[in-house]
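A.B. asks: If you're matching them up, the sequences are chains A and B in order.
Just so we're aligned: 39 in this note's numbering is position 39 of the first sequence, and the numbers increase by one with no gaps anywhere.
Count along the second sequence starting at 1, add 1000, and that's the number in this note's numbering.
One thing to keep in mind: the hints can contain errors.
Each pair of labels, with its calculated beta carbon distance range [unchecked claim]: (1) B/1210 with A/34: 50 to 58 angstroms; (2) B/1334 with A/22: 42 to 50 angstroms; (3) A/157 with B/1208: 30 to 38 angstroms; (4) A/425 with B/1101: 44 to 52 angstroms; (5) B/1399 with A/178: 51 to 59 angstroms.
Hints listed in this document are in silico derivations from the structure and should not be mistaken for laboratory results.
Cβ atoms here follow ideal geometry from the backbone N, Cα and C, with glycine treated the same way.
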Amino acid sequence: MPFYIVKTASKIYLLNTAGTATELTMPSGITVVSGRRQRLAVLDRQVVAVNGTSQPLWVDPNGATPIMRAMAIPTPAHPPLLSTGAAGGLTGAFNARVAYLVKNAEGDVIAHGPFSALSSDVTVTAQKIAVSNIPVAPHAAVNCRRLSRSTVGPGDTQFEWLDIDDNTTVAIEDDLADEALSTLPVDDELGMPPADLEFIVEWKRRLWGKSRNSIDALFFSGDGAFYAWPAANEIPIPPFGNDTTGISGFIRRRDELAIGRLDRIWKIIGDDPDNFARVTLVEGVGIIGPDSVVVEKDIGYWLAADGVYSWGPKGVAPESARKVHPWFATDDYFNRALFSQAVGWWDQRFGTYNLLLAAVGGSTLNRWVVWQVEKDRWFGPHKTDAFTTNFAALMQDSNANAMPVLCATNGHVYKLNQSTISDDGTAIDFDTRLRHTGKTPDIEKVFLQMSLLSRVEAGGTLQVIPALGGFSASTQATISADLTRGRQRLRHISTLDQGVGRILTLRFRNAENSQAVHLYGYEIPFHESGRR
Amino acid sequence: MPGKLDVYNLGERGVVLVKSPVHEDDGDLILAQNATPDPAGLEGGIRKRDGMTKLNAVAMTGSIEGAASIPLPAPGTRTYYVGQQEMSGVQPSDTWYSSLGGITWAGRSTPSLPAAIWIMDVGGTAGHGAAISFRRRFFYSGYIIVGSESAVIRVWDGATDTELCRAPNAQGSVIRTETIRHLWMHRGFLYAIARATASTAILRINIVTGSLERVGAEFGATNAACFGLSFLDRVWVGFEATNGLLYSFRNGAEAWVLERTAAAATHYTHGVNYKGDLYVGTLYQPGTAAIVEKRLTSTGAWSTSLTGPDTSLNLFTCFAVFNGELYCVYKSTTSLLVKKFDGSSWVTDLDVLGVPFVNAEPSGVLAETDALYIVFSQPSPAYAEGYVLRRTTAGAWSKVADPPNSNGMIAYLP
Chain A
1 MPFYIVKTAS KIYLLNTAGT ATELTMPSGI TVVSGRRQRL AVLDRQVVAV
51 NGTSQPLWVD PNGATPIMRA MAIPTPAHPP LLSTGAAGGL TGAFNARVAY
101 LVKNAEGDVI AHGPFSALSS DVTVTAQKIA VSNIPVAPHA AVNCRRLSRS
151 TVGPGDTQFE WLDIDDNTTV AIEDDLADEA LSTLPVDDEL GMPPADLEFI
201 VEWKRRLWGK SRNSIDALFF SGDGAFYAWP AANEIPIPPF GNDTTGISGF
251 IRRRDELAIG RLDRIWKIIG DDPDNFARVT LVEGVGIIGP DSVVVEKDIG
301 YWLAADGVYS WGPKGVAPES ARKVHPWFAT DDYFNRALFS QAVGWWDQRF
351 GTYNLLLAAV GGSTLNRWVV WQVEKDRWFG PHKTDAFTTN FAALMQDSNA
401 NAMPVLCATN GHVYKLNQST ISDDGTAIDF DTRLRHTGKT PDIEKVFLQM
451 SLLSRVEAGG TLQVIPALGG FSASTQATIS ADLTRGRQRL RHISTLDQGV
501 GRILTLRFRN AENSQAVHLY GYEIPFHESG RR
Chain B
1001 MPGKLDVYNL GERGVVLVKS PVHEDDGDLI LAQNATPDPA GLEGGIRKRD
1051 GMTKLNAVAM TGSIEGAASI PLPAPGTRTY YVGQQEMSGV QPSDTWYSSL
1101 GGITWAGRST PSLPAAIWIM DVGGTAGHGA AISFRRRFFY SGYIIVGSES
1151 AVIRVWDGAT DTELCRAPNA QGSVIRTETI RHLWMHRGFL YAIARATAST
1201 AILRINIVTG SLERVGAEFG ATNAACFGLS FLDRVWVGFE ATNGLLYSFR
1251 NGAEAWVLER TAAAATHYTH GVNYKGDLYV GTLYQPGTAA IVEKRLTSTG
1301 AWSTSLTGPD TSLNLFTCFA VFNGELYCVY KSTTSLLVKK FDGSSWVTDL
1351 DVLGVPFVNA EPSGVLAETD ALYIVFSQPS PAYAEGYVLR RTTAGAWSKV
1401 ADPPNSNGMI AYLP
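Same shape as in the complex, but just chain A (with noise of 0.2 angstroms):
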């Protein structure tokens, strides 16, 4: 049964997918920011939460209940100081290093900083070497520290030599024999993960991520390792400088990583640090909202400056230029100031793109968009009036099952796509505006009667708002269709104040709330009265 981690302005919880929310004790010295979106992957089982707190998170979720440290295991400030001990079985000059991990319950290694520098070489001769001023970290999660050492000489590699399991030991002593200590060398892949975080995201076993603090390169893991971070795994993604904000967001598909600037976007190919590559994907298209970006059935949708992109096996295309491009393009629908803040989410059941974007002149994300991909038709914008919304997720159910959900300033989390017919209590303005028609828009026409075909609901009425005229025409008398008939002859459409016109417009509402509304189609006959 999965759960949901939940930041708020200034709170984490873990919500259950019966909603019972605890909030989680934030680590000493890591606070929540305000106004920042909080961003998770997961790895190996340890969940990752980045750019919604001061620093990285680590939430390791294998407990009674998910404790949070910080994401990155330090490097001890000081190597270990090597001297002669007591009489053992070494002989010969060896230097040795030390690192900080954690360990579960069972003794696994759950995360390992990267080693010190190292020591001084010692000399001993038929004795133990003595091992002092070994480091404490200052990470309230270390609960090991792991010794490495050469061979006689001192060898030029560094092999496992001994876990302290405490942090509290400062000194110790062993004579452990080099063909005794661990076959392999100790791991080099480590390294201390990039501060400020703002995206992170899974792809091919590792960790990627863009930080605040050098926003033209892009970040990755060791493998398997969300703790490791080596400073050789950098890729650069041009152009340096010529913006502010960088790479802009991600798009991970099962064999491509696209990393997306505002005017252009990256792919990453190959495999591991050896042949990962970038090449170009697409100039003059590029990431906006970097929490618009949804992977459905490794086709990556997303919105861009100019409206929304998809990229799958075909390549690079835009997807609302052919219906919707107003919507993106001008200002008369949406705050485009705000599309950096959109969010996206799939929803299974209809097999659609949801963008959550703020209405033209708002403030706050409180209109989403449809797309229906497979049958390439949008609708919305869509609204509610019982919250406001501030993001937008899909979420697991008890079952595992989709469940996408709206999340609202007034701290609640919404689940979508009930059978309610009403927003938890208010009332869904349902409001529906067709095409201007009349079939010959320069001949003046008499609409007689509306014949209205509709479900049969228990109760309810729709309005129907026609307009009447030229391209311009106001709206007449509101018609009430009674949703209990089905099938309804309603008034004539034209009126004596409005008997005629070229173009009719039809604008069907209803805002009852827990009312249902189905509309199958209209019948209207018209006698055309000439040209004037």
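Dock chain B against the given chain A, drawing on the hints supplied.
C.D. replies: Here is chain B on its own, set in the frame of chain A:
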């Protein structure tokens, strides 16, 4: 000239804003606020969109600025299990006692054991069983009561009880392994003490495949292992023998290293890593007070950390680190004390007999974030029944369960 508009493809093309008014087609919409097609049922028309309901009845504090579904099992309240044992040849119908949250306990018959497998054989030489929780399951040892088969390790995930593996017979012998005395984890492997009548083997078990291998050489008749633990990246095992012995085994090594030989007539009973140093308890025969020994990691030197108050048959056992302090139980014929150590001084945290509870056998311990559990078992039908004590972080002790046939095993799910 008469005409007629017949429109039955409402919304078929969705919102279309890129055509002039005279070029629009039937099925085009100018606005579709809260309108949607219904591919799930009524394709062809349009309808009002579905509604929304609150997921969380109680609002979280502040505007929600991010949410994600984590496709991992949800953390939650744990269910604790205490094993029961057969008495006088009868396996109790309640094979376990369990509790959601650790406060209220009740007997339960699941996991129900297959015929001929008992959790423990009190009447024989098996000794206590063992259990350990790991990766949302728990592993426990069972004893085969018939035939010549060796002891078994089983896995319970809350729904299904399966056998993981069976211990091999004693080396080069048909003598079966009668019991698994202790289970613990080290480097992702399950370790087990497998005891036959005249030998002890330490087994390393792959919990995915159930395959097992013996660690180092088998120990002979005079060495019976009591407990094991992971410490300093090595496996440590304490023995009862003519003298108590403490061995360690480094990963990749070929032989056990004798780390400590206790004073005469002493057993090593249990131990734990506390603040980087190793603390182990001993059992002394009448005439000598049991002690807690400490191995200082920095030098490897041993010292006595605590001496028991009595000189009857007495021991220290059930070591655990809880709430930053070290706990253990001292038992003699006349005392039953829970001792506590903060790194500098030992105090009696609970006089169990003074509560009063009967002088049962301290057999299992589990330290959780919010509570410490100590399980007292009934050593044989001649003794009183066992019980479970629970200590909160605030220091309050309470008896939370009276499992009539407790064998000391304690574990949890998930």
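A.B. asks: Next step is simple, just say for each hint if it's right about the structure.
C.D. replies: Against the structure, the hints come out as follows:
| no. | hint | result |
| --- | --- | --- |
| 1 | B/1210 with A/34: 50 to 58 angstroms | 51 angstroms, holds |
| 2 | B/1334 with A/22: 42 to 50 angstroms | 46 angstroms, holds |
| 3 | A/157 with B/1208: 30 to 38 angstroms | 31 angstroms, holds |
| 4 | A/425 with B/1101: 44 to 52 angstroms | 34 angstroms, violated |
| 5 | B/1399 with A/178: 51 to 59 angstroms | 54 angstroms, holds |
Against the hints set out earlier in the document, a violation occurs for number 4 only.
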